[in-house]
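Heads up, the sequence shown is in my numbering, so the first residue is 1 and it goes up one at a time.
Read the hints as simulated data drawn from the structure, not as lab findings.
Virtual Cβ for every residue (Gly too), placed ideally from N, Cα, C.
Errors might be hidden in some of the hints.
Label-pair ranges, simulated between beta-carbon atoms [stated by the list, open to error]:
no., residue 1, residue 2, range
1, Pro60, Val87, 16 to 22 angstroms
2, Arg62, Asp199, 50 to 56 angstroms
3, Arg62, Arg142, 19 to 25 angstroms
4, Arg56, Arg142, 38 to 44 angstroms
5, Ala195, Arg62, 53 to 59 angstroms
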Amino acid sequence: MLPDPAPIPRPPEPHRICGAAPVRALFIRRPEAVLRLFYTEAMRRMAGPLCAHLARTRRPYREVPPEELARIAGTPHHGGICAIAQVRYAERLQGPVLPADLPMAPLLPVLDGIGNPHNLGAIARSAAFFGCRALLLSEDGRQADLSDAAFRTAEGGLELLRVLRARELPALLRAMQRDFLVVAATAAGGLAPEALPRDRPVALVLGNEEQGPSTPVLEACAGRVTLAAAGPVESLNVSAAAAVLFHSLGGAPVQPPRPRPRR
């Protein structure tokens, strides 16, 4: 008797991008990814140009009551508009090297084990606000990926960032030290942000809220940075700490990568 055939894996569910700013950014950055659009009467004016684009590309759109939009969006926090979009994945790196065409910026945030998608989205929002061009995620099993909640919280910030996922983050961080100052944010024991050298871009590693960056990742960093508390509260939420550090470190001058020796 022949064994039962292996079940065919279901395709991933499309992303549900909710809120005025995330939907607007989606249409600006990835209009080809939009599959359908739903909106309430209150958002009719904003939706008009988007519907015109979808009509030209023969994609469906529909005005619906708020309660129906909540069902479609999977959340009551839809902001009156929801675009159904092709799944976007973080770009997986094949080895311990960043892409040669990675946009340069003073700061590259690196997330290691941050499992809450709302924190991921909030960090992405701050990163885009402070001029970052990319976001690097670790392969830590706790690390949140791109999701409906992350897009909603990012308020369009994720559309402005190239999102990468490192296969072996410690090896990549060591290799990056030729072109970046690689530092980990820690609750204690690090330098103040203003004490760090400002001669090259900073790769800032932000770790899991409970445990911080993993030990191998910490060992791969050239230094640590710590925000000193002025009151009795010991620490900040990781997304709040990220915003403060982005503001403190984002002004470092961007230096062109140093020439690498030929092999």
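Hint-by-hint comparison with the structure:
Range check, Pro60 to Val87: about 18 angstroms between beta-carbon atoms, so the 16 to 22 angstroms window is met. Between Arg62 and Asp199, the C-beta spacing of about 54 angstroms keeps the proposed range 50 to 56 angstroms intact. Under the hint 19 to 25 angstroms, the C-beta atoms of Arg62 and Arg142, about 38 angstroms apart, miss the expected range. A C-beta distance of roughly 43 angstroms is found between Arg56 and Arg142, which places it inside the suggested range of 38 to 44 angstroms.
For Ala195 paired with Arg62, a C-beta distance near 55 angstroms keeps the hint of 53 to 59 angstroms intact.
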